[in-house]
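> Below, each chain spelled out in residue letters.
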Amino acid sequence: MVLFLINWKLALMSLCILPVIAFVALRLEKQIGKTFEEISDQRALMNTTAQENLAGVRLVKAFGREKHEIQKFLDQNKENYRLNVNQAKIWSKHQPRIEFLSNLVIVLVTSIGGFMVIGGGLPSVGTLVAYTGYINMLIWPMRMLGWLINVLAQCLASIKKIDALFCEEPDIKSPEKPVEPEGREGHVVFDHVTLEANGMKILEDICLDAKPGSTVAIMGATGSGKTSIINLIGRYYDVTGGRVLVDGVDVREQNLELLRRNTSVVMQDVFLFSDTIEENIRFGSTEISQDTLVQASKDAHVHEFVMKLQDGYKTVIGERGIGLSGGQKQRISMARALSRNSRVLVFDDSTSALDMETEHQIQQSLESRTDETKFIIAHRVSAVKNADEILFLEDGRVLERGNHQSLIDRKGRYYDTYMLQFQGLLDIHDEEAG
Amino acid sequence: MPINNFREDEVMKEEINFRTIGRLFSYLKPHLPAVVQTLVLMAVAISVELFNPWFLKLGIDKYIANGDGKGMLILGGIMIVLNFGTLYCARFRMIKMSKVTNDILMTIRQQLYTHIQKLSFSFFDSRPVGKILARIIGDVNALNDLFTNSVTSLIPEVVKIIAAVVIMLLMNWRLALAALVTLPFMVTVMVFVSRASHKGWQIFRKKASNMNAFTHEDFSGIRVVQSFAAEKETSKTFWELVTEWRKAFISAVKFSDFFWPSVELSWGVGTLVVFSYGLVLLNTGTITVGLLVAFSGYIGMFWQPVMNISNFYNQLVTNITGAERIFEILDINPEIANRNDSAELPPIQGNVSFKHVNFGYEATKPVLKDVSFQVRAGETIALVGPTGVGKTTVVNLISRFYEAQSGEVLIDGHDVTKVTLESLRSQMGIMMQDSFLFSGTIRDNIRYGRLNATDEEVEEAAKVVQAHEFIGKFEKGYDTDVNERGARLSGGQRQLIAFARALLANPRILILDEATASIDTQTEKLVQDGIKKLLKGRTSFVIAHRLSTIQSADRIMVIENGGISECGTHDELMQNQGLYWNLFMAQFKFLHTGEAV
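Protein chains in written order, with the numbering used here: chain G, 9 to 442; chain L, 450 to 1046.
You may find that some hints are simply not true.
In silico DSS-like links for lysine-lysine, alpha-carbon gap of 30 angstroms or less [said to hold, decoys possible]:
1) L:Lys548 with G:Lys168
2) G:Lys168 with L:Lys696
3) L:Lys548 with G:Lys209
4) L:Lys922 with G:Lys209
5) L:Lys818 with G:Lys306
6) G:Lys419 with L:Lys912
7) L:Lys548 with G:Lys169
8) G:Lys185 with L:Lys681
9) G:Lys169 with L:Lys696
Source of the hints: derived by calculation from the structure; they are not laboratory data.
Just chain G, same shape as in the assembly (with noise of 0.2 angstroms):
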């Protein structure tokens, strides 16, 4: 305004200028944005190789492969310093551009203004200094908007992804009207569940009725679909057919936290974080009393080897249980599920690193705590026999089923897996039977 009062000739010729400015400007978001993504995209690369190598430190040294993984990521360093100098070219080809149309401004501004002071277009030499002035003012933001530009484009590039993850949507959502069951006492029943992904069949016609306090057990090859089973009733997955009944209520049709919280799991493979034991075992719940933390951590073997620790459940444990045996590791988790006092347990596979005198023990305090429904899954005969119901698995499907004396009087695969496991122990009740 200033400026057009002062001279409107020379605020229109200095104006001219302002469009091209900004044109180059808008070149450079479009091209620089580009980079920015793919130089975000590739710094995420980058992480995931150092985060895997990391994680998975020991497996490279196991193999000696410390040299193959400095290439594998020097690789991508490269390529982040080949993206990021690709950056600055385009930076230096538009941010140069800028400030000469700015100084261009000012050079034009003076002389073409001189002119005018000499031929009387404008008032005195004084007026054209602060001329001057009021086109530096006017160029500054100009001149910032190239800087302006390239951190916009950087968040952009950044805010783009944050918007993808936050436009995914989970697959599984508590519903809106949730139904809550009469009371939670671990029924659980399978209604001729199938499970189908990606085409392929995992789950085929399952049936199953877990009475409160009873305990499954779940046998089968590798891959047969026991994992499967155990995710639907937390409800991991949906169903393809059939209906998993918790409580008399479809899991569909429950509160999602409440179905969770009122089922444990321990997993296949254990997770810690590297914090204390207690809090490893309490999981972030302030509702559990010490009682119950050490009636549980009893009950999973673990009070005795955490007594022997300097700081007892105040131990800080490195991360995933660095330090502590697997067996330990298997135990801590265990209490963790044990701890949570919900009426359906479930044990996928987590005696596996017990040696079988620990197994024996902790198995006998499960069975001593009559509440809850127990699914367990297993390879050793050890740790299913007193089940009150034996799955054997094969492909998604029962192939048999029964306690352990009627699949023992079957003769099939349970019998199999059995005569494998104890050839040497029946061959001594053998002799001295004999």
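Let chain G serve as the given structure and place chain L on it in line with the hints.
Just chain L now, with coordinates in the frame of chain G:
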């Protein structure tokens, strides 16, 4: 070594170390020619920039005042040409410098990564992965602008300041001194602020590291989190960590924010002084209007670089903590490394012996006490004992993941600590408790065992461990991504793939640490038969809890109370009626009760 977790800050020295700065800038050395080129280009640009106000003065005082239109035109023309020239200088300089900076970052990052690969298990045991990651990615990135700015601002800005001061002094020394009167005030403020600020940024980086550690753990264990419906609790923990991080940022930035205002204040007051004094001088006729206008331009030319330098110093203080964290890791010496006199381990037979080995993960808590044993090439040894007794420790010493505190571990008579790590481990196949798979295809994962293996060899290994069949059922077969949605591998399947990987390495010594725990007994039997054929004459160590797995071993070692309490074949140990017999009889009892049902 104390174990660090995500709640705990890492310990670091507090004061700014000038050696760190020196070490950081030593990375510029190999790029000296590029740096010099940049500086020359900068010099050209700066002189043009320096001349701009002078041109203005010339134009106003000489041409406009005298009504010389032609002179004005020529002057304008010269200025345009010069400025156009700087455009190209600037472009060239920016590319050059960005190459230098990014090259240095790449070098530092690679150096750090390479160094971390060399570090021993105890390093990884004691800190979360997320915190190490924070250093490789985040802390290196923090150095990003530091190098560019050190060359493009520090040196030229100093030149600019000197030039501006000299020109000002030449134009009018009284005015010049008036312009600089606020400088000492600014420097004092800066020294005090930088100390507090450095400490603040250190805390900030530590908090960022904590947050990174937690996020990393939280997402690795997301399945567990979901299964316990503990999302709220973990969100709360995350929020706490974010809050701490944010607080650390705000308190650090508060100090940093002192930098600019103190410069601006000095600048403003300085200009005020110049104009007031200039007015006096103008009235007495000592100076011209043009001179005062040009002078005010040079004041800007003096303070702008001062501002840039202080800004750079601010940045240095902010980001030097990143460099400190990087150098801290670079300075850790790997506990287990090749020695200067380490020899290559020649192709081995597979004889393994322990001689009076003592070991503990912490010096005060021995795990193995005076353990001695001998294993002949080709033997299969089963290690048996309660959990946490040290079975994994024994195999960890054979592969030299840890070193014995005293005693010797010998392979074919070679002390494992005296041969190169690579030649040792390349002759062993190790399968660990947790079957870690990299993201990528099944094929790539198996091939990790021997990088130059052909597709046929990969499939052959998969067939031996009975993995070929289930892999074939996947739509993409061996090219299935192990983390692909829907095709999530079961625990047993992952274990089989890891097994194939270990076999492909064609090891002389095979170590199976609960390698078949998640595999059903029938499949295990088939796998064992396959391995026996494939690895005839190889030594193997097996840790397992399943009787059927243990019984098939040539010898069974029972580990108890830090030592080997029994060793022998299944039959021998049964006759011995020791711990093994007890373990076995427990099963026997079970069998009875089982049949009594």
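> All the hints need checking, so say for each whether the structure fits it.
We went through each hint and held it up to the structure:
As the CA atoms of Lys548 (chain L) and Lys168 (chain G) are separated by approximately 27 angstroms, the hinted pair is consistent with the 30 angstroms bound. Between the alpha carbons of Lys168 (chain G) and Lys696 (chain L) the distance comes to roughly 27 angstroms, so the proposed pair stays at or under 30 angstroms and holds. A C-alpha spacing of about 54 angstroms is found between Lys548 (chain L) and Lys209 (chain G), which places the hinted pair above 30 angstroms, so the restraint is violated. Of the pairs offered as hints, the one joining Lys922 (chain L) and Lys209 (chain G) holds, with about 11 angstroms between alpha carbons and a cut-off of 30 angstroms not exceeded.
As the CA atoms of Lys818 (chain L) and Lys306 (chain G) are separated by approximately 29 angstroms, the hinted pair is consistent with the 30 angstroms bound. Straight-line distance between C-alpha atoms of Lys419 (chain G) and Lys912 (chain L) comes to about 28 angstroms, which keeps the hinted pair within the 30 angstroms bound. Distance check on the hinted pair: Lys548 (chain L) and Lys169 (chain G) sit about 27 angstroms apart at the alpha-carbon level, within 30 angstroms; holds. Among the hinted pairs, Lys185 (chain G) with Lys681 (chain L) is consistent with the structure: their alpha-carbon atoms are about 21 angstroms apart, no more than 30 angstroms.
Of the supplied pair hints, the one linking Lys169 (chain G) and Lys696 (chain L) holds, its CA atoms being roughly 26 angstroms apart against a limit of 30 angstroms.
Hint 3 alone, counting from the list given before, is not met by this structure.
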